[in-house]
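Asker: Following the hints, position chain B against chain A.
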Amino acid sequence: MAGAGVIDDYVTALDRRLRGPDPVKDDLLAEARDSLHDAAAAHLDRGLGEEDAQRRAVAEFGPVTAIAREYQGLLGLAYGARTLRSVMLVIPLAYVMWELNRRFWIGAWDDFSAPPPDWYLTVARLNDTSAWFAAGAAVLALLIGRRLARTAVSTVTLARLGGAVAVAAVGLSLLSNVAILAATAYLDVARLFLSPPVTAATVVSIAIALRLAVLARRCVVFSSV
Amino acid sequence: MKSDALRGHLDALLLATLDGGRLHGYAIIEALQRRSGGALDLPTGTVYPALRRLETAGLVTSEWSTVGGRQRRTYRLTKAGQRALAAERTAWREFTTAIEGVLGGGPWPAQA
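Top to bottom, those sequences are chains A and B. Per this note's numbering, the first sequence starts with residue 1, numbered consecutively. Per this note's numbering, the second sequence starts with residue 226, numbered consecutively.
The hints are simulated quantities; they were obtained by calculation from the structure and are not laboratory data. Note that the Cβ used here is the ideal one computed from N, Cα and C, for glycine as well. Please note: incorrect hints may appear among the correct ones.
As the list claims (entries may be wrong) - Computed Cβ-Cβ distance ranges for the label pairs, DEER-style:
1. A:Ala179 / B:His234: 48 to 54 Å
2. B:Trp289 / A:Gly107: 49 to 55 Å
3. B:Gly329 / A:Ala30: 25 to 31 Å
4. B:Ala311 / A:Val153: 32 to 38 Å
5. A:Asp9 / B:Ser290: 24 to 30 Å
6. A:Leu143 / B:Thr315: 53 to 59 Å
7. B:Phe320 / A:Trp132: 43 to 49 Å
8. B:Ser290 / A:Pro197: 47 to 53 Å
9. A:Ile206 / B:Gln258: 54 to 60 Å
10. B:Trp289 / A:Arg191: 36 to 42 Å
11. B:Gly263 / A:Asp52: 57 to 63 Å
12. A:Arg17 / B:Gly331: 29 to 35 Å
Unchecked claim - Pulled a few chain A residues facing chain B out of the computed Cβ check, cut under 8 Å:
13. Thr12
14. Asp15
15. Arg16
16. Tyr71
17. Asp128
18. Ala149
19. Arg150
What the hints assert, rightly or not - Okay, the calculated bits of chain A under chain B, using three or more residues with CB under 8 Å as the criterion:
20. 55-67
21. 74-84
Chain B on its own, in the form it takes in the complex:
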């Protein structure tokens, strides 16, 4: 999948990845790739600035901690991040429902 198409959704994807709990940066990238079946091929270096921007926005928080015997910066959702993720999911479902109605290939509703 082209990275340009992903950029508009990157924040929501990162928030969704952190929904399961605290993760360090590379684990976030692996989760993104795993959950997308390898379709998300964004340059991994763009993920970290996006995470820091979400931190500036108060949607995630981060700290250095020991993971697997190594010091790593780990991220987790804040309360505001959880609310933002819920709003993103609602907006995404409405969007896909509307697009599916047009592009889905089903029968067109009969005209009045």
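Extracted from the complex, chain A is given alone in its bound form:
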């Protein structure tokens, strides 16, 4: 194996330009380092000196700014796919758990002193369906992304599309959660505190939605190159 000075400098420069999940980044950089050492060893066998062999290997690998762009696309794509899988699973699960919790501790919502107004029912319906819309959007994005990965669409574009869908899905979920809380508070604030376990479940649901919002924002950051 050739010495590591020039190759180390190149991999360090590449590392500094990349943002994304550490396991994926470490894996990409380990593979890049292996390839550079293989190339340098091949040039050593052809009679080049150690430093020249490394310089040739690095030159063949490509300019660090251009290569970093391609690697960043991969990191953004990996993070986007992971976030979409979380959206697909966690948002519906959180909704179902909250509903089961509410049915167990409170029962049916049929003890309003007067029938709730139409606008409240609209907000309630939005809240009931948003989890499934968000999960469906994530599933579709994953399936379409897998097909688009077989075309000439770049990983950077795919990562941006994944990030946009993640932001929209999480935004819808968060908005519907906040809307039903605000609407219930406006109509009858005591209902928010009818049952401590349900109140706790509501807090957990909001915390989950906020955490997913952080992940979705990172998708956008990691796909920006």
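Answerer: Here is chain B on its own, set in the frame of chain A:
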């Protein structure tokens, strides 16, 4: 050969290189250069993102394994990758046949 001209064919070239079996990244690059007579001079750093994208598309799969006493990420075609390669080969033969008919320099067919 210019790298821009190769980019549109890179996926098919990588799939074809893996048709013979499991290879690690640098072996793929060497095979590409060897089989093209050294004409393919793509920056080698662009090969790895392309391989990972093919993995995302389900056309190749990869894993770390020990090759020649070293840990390396090796790639192999999936069933979907084999089907995609067969389709690429068919499309390429049709394309080259059509272009050869025009650019090949043979006699033009007599007009009716």
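Asker: Determine whether the Cβ-Cβ distance between Gly263 (chain B) and Asp52 (chain A) falls within the hinted range of 57 to 63 Å.
Answerer: At 19 Å between Cβs, range violated.
Asker: Take the C-beta atom of Ala311 (chain B) and the C-beta atom of Val153 (chain A), compute their distance, and say whether it sits inside 32 to 38 Å.
Answerer: At roughly 22 Å between Cβ atoms, Val153 (chain A) and Ala311 (chain B) fall outside 32 to 38 Å, so the hint is violated.
Asker: Do the Cβ positions of Ile206 (chain A) and Gln258 (chain B) conform to the proposed distance bound of 54 to 60 Å?
Answerer: Holds - the Cβ-Cβ distance for Ile206 (chain A) and Gln258 (chain B), about 56 Å, lies within 54 to 60 Å.
Asker: With chain B as the partner, please determine if Tyr71 (chain A) meets the hint condition of a C-beta pair closer than 8 Å.
Answerer: holds, 6 Å
Asker: Cβ-Cβ distance between Ser290 (chain B) and Pro197 (chain A): within 47 to 53 Å?
Answerer: holds, 50 Å
Asker: Does the Cβ pair Arg17 (chain A), Gly331 (chain B) satisfy 29 to 35 Å?
Answerer: Distance hint for Arg17 (chain A), Gly331 (chain B) is violated at roughly 52 Å.
Asker: Just tell me: holds or violated, for the beta carbon distance of Ala179 (chain A) and His234 (chain B) against 48 to 54 Å?
Answerer: Holds - the Cβ-Cβ distance for Ala179 (chain A) and His234 (chain B), about 51 Å, lies within 48 to 54 Å.
Asker: The hint names Ala149 (chain A) as touching chain B; please verify it with the least Cβ-Cβ distance against 8 Å.
Answerer: Nearest chain B Cβ about 4 Å off; hint holds.
Asker: So, as I understand it, the hint says Arg150 (chain A) touches chain B; can you test that by seeing if any CB pair is closer than 8 Å?
Answerer: holds, 4 Å
Asker: Evaluate the given range 43 to 49 Å for the C-beta pair formed by Phe320 (chain B) and Trp132 (chain A).
Answerer: holds, 45 Å
Asker: Hint check: is the beta carbon of Asp15 (chain A) less than 8 Å from a beta carbon of chain B?
Answerer: Constraint on Asp15 (chain A) not satisfied, violated at 14 Å.
Asker: Given the range 49 to 55 Å, decide if the beta-carbon distance of Trp289 (chain B) to Gly107 (chain A) lies inside it.
Answerer: holds, 54 Å
Hints 3, 4, 6, 10, 11, 12, 13, 14, 15 and 17, counting from the list given before, are not met by this structure.
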